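Peer 1: On the provided structure of chain A, position chain B as indicated by the hints.
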Amino acid sequence: MTMKKEILKYAFIQTLPVLFGYVFMGIAFGILLEEAGYNFVWALFISLTVYSGSMQFVLIGLLGGGMGIISMIVLTLSVQCRHIFYGLSFIEKFKAMGKRGWYMVFSLTDETYSLLCGMKIPEEMDKKKVFFTVAALDQSYWILGCTIGGILGSFIGFDTTGIDFAMTALFVVIFIEQWYSFPSHIPVIIGICCGTVSLIIFGANAFILPALIASVCLLLLLKNTIVKQDDCQEACE
Amino acid sequence: MSSSLFTPFLITLLVAGLTFSTRFSPFALFGGGKKVPAIVQALGELLPPAVMAILVVYCLRNVNIMTAPHGLPEFIAIGIVAILHIWKRNNLLSIGGGTVIYMVLVQMVF
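Protein chains in written order, with the working numbering: chain A, 67 to 303; chain B, 980 to 1089.
Since the hints were derived computationally from the structure, they do not count as laboratory data.
No experiment lies behind these values; they were computed from the predicted model shown.
Heads up, some of the hints might be wrong.
Partial selection, computed: residues in chain A whose CB lies under 8 angstroms from chain B [claimed, not checked]: (1) V89; (2) F90; (3) V116; (4) H149; (5) L154; (6) T227; (7) F237; (8) F241; (9) C260.
Cβ coordinates follow ideal geometry from the N, Cα and C atoms, glycine included.
Chain A with its partners taken away, still in its complex shape:
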């Protein structure tokens, strides 16, 4: 086997868990997008340009244009700000990859990040090529899933009422994962309280921006308490 094929085989095996996750979530996204009135061409376009699971689901609700531009910008940046920290681990590595480094930056999703962090690449393989192949395979699974979903969406014969709950379920799942990964539950509780209070005060169409701003302020105010609590718990464990 040539080295190229071996790298592709290695990357494919590494990305198998992502294959299943991306294809199924992509299909769910494509179907929801079709339900919202945008066909598979949109699913293809969005998965090529945005390429972000949770944000694409949020985007479906934004496409209609009901939300103000400032709210959209703040919402997008808040959902995506975690990416700032993914890149930090790869600054030197991606720089060394030249033009391909730009694609690595663009395609650094939660899943690709965790694969890149966890892989034990065999000595004889070119690390940069493995990185690039893994990133490109991941996005191709996502594009495939989204497009299939968009096509399926237009053919589905049964009643799909309620299928949009997949998005709620996705956020509940991420929410639970966050709950487990942080020793302190204060950020989660701040989010629930700010979200609910803001919804009651400002109503369904205008609550998200005040909720985000209030959360940022409270988090900055309570930052030291949260961090101290974390340190204490880590010391105890």
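Peer 2: Chain B only, in chain A's frame:
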């Protein structure tokens, strides 16, 4: 492109651009070996869990608990997603199971 497609097209480009900018920001800001400011570090760690909680509220924003069925299908299905996920920690099972049950609830039960 008709104007009804132009707005969603621009919104997609906006979201794509912002998403790329968050992914690119560490390379632009800290590429020269500069230290990450403590406040950025703290927000990056603490904001995501709060945002996920707000997004769950966002998904439920149009549920009216005052009128029948009082948000019951949503709360039951969320409970099932949570139980499935805490039990198995399998994303596809939790999301798939919860969604199917929600569809059954809104189509046949309520």
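Peer 1: Please flag the earlier hints that this structure goes against, numbers listed from lowest up.
Peer 2: The structure breaks only hint 1.
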